[in-house]
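Position chains B, C and D against the provided structure of chain A, taking the given hints into account.
Protein chains in written order, with our numbering: chain A, 4 to 244; chain B, 4 to 244; chain C, 4 to 244; chain D, 4 to 244.
It is worth saying that the hints were derived from the structure and are not from the lab. Fair warning: there could be bad hints in the mix.
Any copy, or any two copies together, can satisfy a pair, since identical chains are not distinguished.
Dumping the calculated DMTMM-like pairs for lysine to aspartate or glutamate here, alpha-carbon to alpha-carbon at most 25 Å [said to hold, decoys possible]: (1) K22 <-> D133; (2) K158 <-> D136; (3) K108 <-> E152; (4) K125 <-> E45; (5) K119 <-> D50; (6) K158 <-> E88; (7) K158 <-> E132; (8) K220 <-> D203; (9) K125 <-> E137; (10) K209 <-> E223; (11) K228 <-> E45; (12) K209 <-> E238; (13) K105 <-> E117; (14) K228 <-> E162; (15) K119 <-> E137; (16) K209 <-> E132; (17) K119 <-> D15.
Note that the coordinates shown come from a computational prediction; the quantities given were computed from them, not determined experimentally.
There are 4 protein chains.
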Amino acid sequence: MKINHGVTFRDDMTVELVKSSASDSDIIWAARVSTQGDRSLEAVNADPARSEGLIRFLMRERHSSPLEHSTFTFYVETPLFVMREIQRHRIASYNEESGRYKELKPVFYVPNRERKLVQVGKTGAYQFEDGTDEQYVHVINALQGSAVEAFDRYKFLLEQGVAKEVARMVLPLNIYSSVYITVNARSLMNFISLRTNRDDARYPSKPQREIEMVAEKMEEIFAEKMPLVYKYFNEFGRVSP
Amino acid sequence: MKINHGVTFRDDMTVELVKSSASDSDIIWAARVSTQGDRSLEAVNADPARSEGLIRFLMRERHSSPLEHSTFTFYVETPLFVMREIQRHRIASYNEESGRYKELKPVFYVPNRERKLVQVGKTGAYQFEDGTDEQYVHVINALQGSAVEAFDRYKFLLEQGVAKEVARMVLPLNIYSSVYITVNARSLMNFISLRTNRDDARYPSKPQREIEMVAEKMEEIFAEKMPLVYKYFNEFGRVSP
Amino acid sequence: MKINHGVTFRDDMTVELVKSSASDSDIIWAARVSTQGDRSLEAVNADPARSEGLIRFLMRERHSSPLEHSTFTFYVETPLFVMREIQRHRIASYNEESGRYKELKPVFYVPNRERKLVQVGKTGAYQFEDGTDEQYVHVINALQGSAVEAFDRYKFLLEQGVAKEVARMVLPLNIYSSVYITVNARSLMNFISLRTNRDDARYPSKPQREIEMVAEKMEEIFAEKMPLVYKYFNEFGRVSP
Amino acid sequence: MKINHGVTFRDDMTVELVKSSASDSDIIWAARVSTQGDRSLEAVNADPARSEGLIRFLMRERHSSPLEHSTFTFYVETPLFVMREIQRHRIASYNEESGRYKELKPVFYVPNRERKLVQVGKTGAYQFEDGTDEQYVHVINALQGSAVEAFDRYKFLLEQGVAKEVARMVLPLNIYSSVYITVNARSLMNFISLRTNRDDARYPSKPQREIEMVAEKMEEIFAEKMPLVYKYFNEFGRVSP
Numbered sequence: 004m005k006i007n008h009g010v011t012f013r014d015d016m017t018v019e020l021v022k023s024s025a026s027d028s029d030i031i032w033a034a035r036v037s038t039q040g041d042r043s044l045e046a047v048n049a050d051p052a053r054s055e056g057l058i059r060f061l062m063r064e065r066h067s068s069p070l071e072h073s074t075f076t077f078y079v080e081t082p083l084f085v086m087r088e089i090q091r092h093r094i095a096s097y098n099e100e101s102g103r104y105k106e107l108k109p110v111f112y113v114p115n116r117e118r119k120l121v122q123v124g125k126t127g128a129y130q131f132e133d134g135t136d137e138q139y140v141h142v143i144n145a146l147q148g149s150a151v152e153a154f155d156r157y158k159f160l161l162e163q164g165v166a167k168e169v170a171r172m173v174l175p176l177n178i179y180s181s182v183y184i185t186v187n188a189r190s191l192m193n194f195i196s197l198r199t200n201r202d203d204a205r206y207p208s209k210p211q212r213e214i215e216m217v218a219e220k221m222e223e224i225f226a227e228k229m230p231l232v233y234k235y236f237n238e239f240g241r242v243s244p
Numbered sequence: 004m005k006i007n008h009g010v011t012f013r014d015d016m017t018v019e020l021v022k023s024s025a026s027d028s029d030i031i032w033a034a035r036v037s038t039q040g041d042r043s044l045e046a047v048n049a050d051p052a053r054s055e056g057l058i059r060f061l062m063r064e065r066h067s068s069p070l071e072h073s074t075f076t077f078y079v080e081t082p083l084f085v086m087r088e089i090q091r092h093r094i095a096s097y098n099e100e101s102g103r104y105k106e107l108k109p110v111f112y113v114p115n116r117e118r119k120l121v122q123v124g125k126t127g128a129y130q131f132e133d134g135t136d137e138q139y140v141h142v143i144n145a146l147q148g149s150a151v152e153a154f155d156r157y158k159f160l161l162e163q164g165v166a167k168e169v170a171r172m173v174l175p176l177n178i179y180s181s182v183y184i185t186v187n188a189r190s191l192m193n194f195i196s197l198r199t200n201r202d203d204a205r206y207p208s209k210p211q212r213e214i215e216m217v218a219e220k221m222e223e224i225f226a227e228k229m230p231l232v233y234k235y236f237n238e239f240g241r242v243s244p
Numbered sequence: 004m005k006i007n008h009g010v011t012f013r014d015d016m017t018v019e020l021v022k023s024s025a026s027d028s029d030i031i032w033a034a035r036v037s038t039q040g041d042r043s044l045e046a047v048n049a050d051p052a053r054s055e056g057l058i059r060f061l062m063r064e065r066h067s068s069p070l071e072h073s074t075f076t077f078y079v080e081t082p083l084f085v086m087r088e089i090q091r092h093r094i095a096s097y098n099e100e101s102g103r104y105k106e107l108k109p110v111f112y113v114p115n116r117e118r119k120l121v122q123v124g125k126t127g128a129y130q131f132e133d134g135t136d137e138q139y140v141h142v143i144n145a146l147q148g149s150a151v152e153a154f155d156r157y158k159f160l161l162e163q164g165v166a167k168e169v170a171r172m173v174l175p176l177n178i179y180s181s182v183y184i185t186v187n188a189r190s191l192m193n194f195i196s197l198r199t200n201r202d203d204a205r206y207p208s209k210p211q212r213e214i215e216m217v218a219e220k221m222e223e224i225f226a227e228k229m230p231l232v233y234k235y236f237n238e239f240g241r242v243s244p
Numbered sequence: 004m005k006i007n008h009g010v011t012f013r014d015d016m017t018v019e020l021v022k023s024s025a026s027d028s029d030i031i032w033a034a035r036v037s038t039q040g041d042r043s044l045e046a047v048n049a050d051p052a053r054s055e056g057l058i059r060f061l062m063r064e065r066h067s068s069p070l071e072h073s074t075f076t077f078y079v080e081t082p083l084f085v086m087r088e089i090q091r092h093r094i095a096s097y098n099e100e101s102g103r104y105k106e107l108k109p110v111f112y113v114p115n116r117e118r119k120l121v122q123v124g125k126t127g128a129y130q131f132e133d134g135t136d137e138q139y140v141h142v143i144n145a146l147q148g149s150a151v152e153a154f155d156r157y158k159f160l161l162e163q164g165v166a167k168e169v170a171r172m173v174l175p176l177n178i179y180s181s182v183y184i185t186v187n188a189r190s191l192m193n194f195i196s197l198r199t200n201r202d203d204a205r206y207p208s209k210p211q212r213e214i215e216m217v218a219e220k221m222e223e224i225f226a227e228k229m230p231l232v233y234k235y236f237n238e239f240g241r242v243s244p
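So here's chain A without its partners, still in its complex pose:
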C-alpha cells in the first residue's frame, strides 16, 4: 500500500544470509583438539554424522566454546524498535544504515491481524491475547497516520536545508532500517534462545513478537547450516550455551 512520498507499510522482517562459514564438523575438530591435538585436523573434512555422539555430549554438557568457530553474516531489515533490541546483544558485529548520512526511505512497520495486541497479567508474568477488530483498526490508523505525518515533516525539513541527522528526530520507531550482522554460532544460539517464546525451553523467554520474527528466520538458517547442533540444541532445552 502506497501513500504520499511513496510511504510503504510492511508487516514482515527481512533476514538474508549474506555468507556463512559454519558446519556441524566445526564443533568436532574444535572439541577434539583438547584430547587429540593435531589429529583433530582430520575432522575438518570428515562427515560430522559419524561424530553425532560427540555433538550430543557437548550440547548436553553445555561445552560451548567449540561453537564459536562457526560464523554467519545476515542482512536484516527491521523497524527501529526491533533494531534497538537486537543491538543489545554485544557479542556480534553490526553495520547499520545511518540516519546521519543517508536520507531514509518511507518504509514503516504495521502489525498484521494475527499479532496479539493485548497484554494481561503483571510485570514479569505478562501474557498476550488477541486484539479486537476495533483495536486493530486503532493500531493501524495510529501507525499509518503517525508515519505519514512524520515523513511529511522529515521531507519538509530536508527541503528547508536542515541536516538529515536533525530532521530524522521526528521519525517514529516503526521506520525500517537495514543492518549487516555477523555472529558466531554460540552467540546466535543465545539470541535464538532469548528471543523466541517456546514451551519446550528450559528457561522460557517472553520476547516482543517482532524480534521473535527475526529470530525465527535466523533459526531456520541456523538449522539448515548446522543440523546436528540444532537437533541437540532443541533436545536439551534450547539453553543459551
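Structure of chains B, C and D alone, referenced to chain A:
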C-alpha cells in the same frame, strides 16, 4: 514548557555519576605488577602523583590494559537517537527503561538555538553550520508538532487497551529514555575519543552534537576522578586506548 | 620449606580483594530502571532486603544484565597451569606479573596430601580418587626436583647474561605468578559456576582442583559483598547467568 | 633430533589456515550500508578493486567496524609461553589441547642461532642483541636438559597412576601445545599491530620474538586474503583499528 498530556521539551542531557571505583592509583598498581609482582600492592594506597612519570609513559605508549580496573556507573537521560549510538559501544553494561514494561513519559528533545542545523560538504567530510532563524523555527515546529501528535496517539492506544509494546511504535526518536551505564576507564576513554569533536585529537571524530553533549559530561567526571590519566590522555592526542 | 636459591613450595592460593563496588542494591536499581525510569534512583541508597523478592525473581528467571554493574578487583597468586585456565575467561580484565620484565621468584606449587591424585573413568566422565602414600611421595619428589633443577638453570642462564624472556622457558608450570583481576558480578558468577564442583549445581562442572581453590575464595568474598544475590544463585542451581 | 621418550626439539611455529570467510569486498558492503541501505548488497559480489578509494578512506580514518565481518580460523602450534600471550587477546575464540585430558607429546621449543639472546637497556626501552656462541650453547643445554628430565618425570608419574592434570605440573614452558583460533579481521589486525616489531608502525611495539613468529605467519595469510585492506593498513602506520 508544557502542552497537553504534560508534554515537556528539553534541550539538554542528564549524566549523573551513580558510583565509581576509579583513581589514578589504579593504573599504577595494575602496571607495576608486571615488574614488581606482589610489591605492586604498595601502590594501592599510595599518592599517584609520585608516579606521574609512569602514568605519562603508559599513556604515551598506549599500554591500555591497566586502565580496565577503574569503573564508572552513570545514570543517563537522553533521546532515543542518541541512546542508539551510545549502545553501539559494546564494552559496557547497560540497563535501560523499557517501552514494553513502562508507560513512557512525554519528554522530548528539541535542539537549542546554538545547535548547528546545516550540513555542508560530502559524506566523510561533513561540516556543520548555523541554521537561519527560519530553519530553527521549522525544526522546533516539526519536533514539537510531531511529539504532541505522537503522544496523543500513544495515549489513545493505551486507553483502548493496546499493549505498551505496540503503542510505543508511534513515538518519535526524540523521546527521552533513561539508562544505567557501567564502563571501565579504557572503554570510557574510547567513547570520549570517538564522541567528541576536537581539533587537538590525533584522529579527529565527527560525532552528532547530541551524543557529544553526553560525552562532554562524562569527560568532566572522568577528568575529576582520574586527573593524571586525563592530563596525558589529552597530551597524547586523545587516542582511544 | 626452603631449598637452594630460596626455593619455596606452597600448597595454597592467594585471593585478596583489592577493591569492590558491589552490593545487593546494585541489581535492584539496575533492574528497576526498566519499569520505573528515574524513580529507580531511589534504590541506590535503599536497604536491598526490602526488595529481596525482586532479587529472587531476577535470579530465578536468569535476568542477568543487572548483575553487570557490580565490580570486584582481586589480587591473585596462583601457579601458571591455573593462571592459564583463569585467563580463558574473557569477560574480565587482567594485569599479570611478566616473565619478560621481571626476574621470577622461586615459589612453586605442590599439592597437599588431601589432593586426589588418581583419575578414573573416561574422557568426559572423569572421577578423582585419593592417591596412595607412595603416589603422593612420587608427586612431591617430581615437583620439587623439577622445580629446584629448573630454577638452577634459570638462574644460571641469567648469570650468563641471557634475557629473562629466554631463560624463563625452562621453568615448569607449577611456578607461581601474580595477577590483578577485575570482573563484574555476572562474569564472576559464571566463573564460580564453571570452576567449582558441586552436586547442587544444575549443570555440574569438573574443574581442576587447583582452580576450584581460587574459585572458592572468590565465592566467599562474593557471598559477603552480595549476600542476597548469592543466596538465590545457590537456590536456583548455581547456573552461570 | 630425537632423544629418549622420543623428545623432539623445534625452533619454528605452525600457523595453518583452517578456513576463512574474508575478502576485501566485505568491508565495502559493510561500510556502504550506512549510506546506501539495501543497495550495499550489490557490493557483495563486486570487484573490490573498483572501490579501493573507499578502503583507503576507511583505513585512514580508522572506521574499523566494517572489518569485523571477515573471519579467519587458524590452527596453531606454539610453546606455552607464547600460547599464554596469544590468549591474552580476548576478542577471539580458542579451543586448545588439554593437559588434563590428553597425554602431552614431548615436543619442545629451542631458539635457533639467529634468535637475539641478550636484553640491554631498561624496562620500557629494551633492545635485544645477538648472543655469543657460548650463551647460545648454555641456552640450548638448559632447555634440552630441562625438557628431557621434565618429560622423564612426567612419564614416570603417569606410569605410577598419577592423573595427567597433576603430572603435567612438572613440564616446562617451552613444551608445545596446539589450538584453533578464530578471529575477525579487526581483531587480527590488532594482534598483528601489537605483536610485530616494525619501524614503520605509528605506535611501535616490542613483542617477544616467538609470538612475532606467529604474528608474521598470520600476517602473510591476512595479506593474501585481504590485499587492499592490508595495503592501507601498512600505508597508515599499522595502527590497530
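So, going through the hints one by one against the coordinates:
no.: 1; hint: K22 <-> D133; in the structure: neither (38 Å within a copy, 44 Å between copies)
no.: 2; hint: K158 <-> D136; in the structure: between (33 Å within a copy, 19 Å between copies)
no.: 3; hint: K108 <-> E152; in the structure: both (14 Å within a copy, 21 Å between copies)
no.: 4; hint: K125 <-> E45; in the structure: between (54 Å within a copy, 22 Å between copies)
no.: 5; hint: K119 <-> D50; in the structure: neither (44 Å within a copy, 39 Å between copies)
no.: 6; hint: K158 <-> E88; in the structure: between (27 Å within a copy, 23 Å between copies)
no.: 7; hint: K158 <-> E132; in the structure: between (37 Å within a copy, 20 Å between copies)
no.: 8; hint: K220 <-> D203; in the structure: within (18 Å within a copy, 37 Å between copies)
no.: 9; hint: K125 <-> E137; in the structure: within (24 Å within a copy, 48 Å between copies)
no.: 10; hint: K209 <-> E223; in the structure: within (19 Å within a copy, 34 Å between copies)
no.: 11; hint: K228 <-> E45; in the structure: both (20 Å within a copy, 24 Å between copies)
no.: 12; hint: K209 <-> E238; in the structure: both (20 Å within a copy, 23 Å between copies)
no.: 13; hint: K105 <-> E117; in the structure: between (33 Å within a copy, 24 Å between copies)
no.: 14; hint: K228 <-> E162; in the structure: neither (47 Å within a copy, 45 Å between copies)
no.: 15; hint: K119 <-> E137; in the structure: within (13 Å within a copy, 44 Å between copies)
no.: 16; hint: K209 <-> E132; in the structure: within (13 Å within a copy, 45 Å between copies)
no.: 17; hint: K119 <-> D15; in the structure: within (15 Å within a copy, 37 Å between copies)
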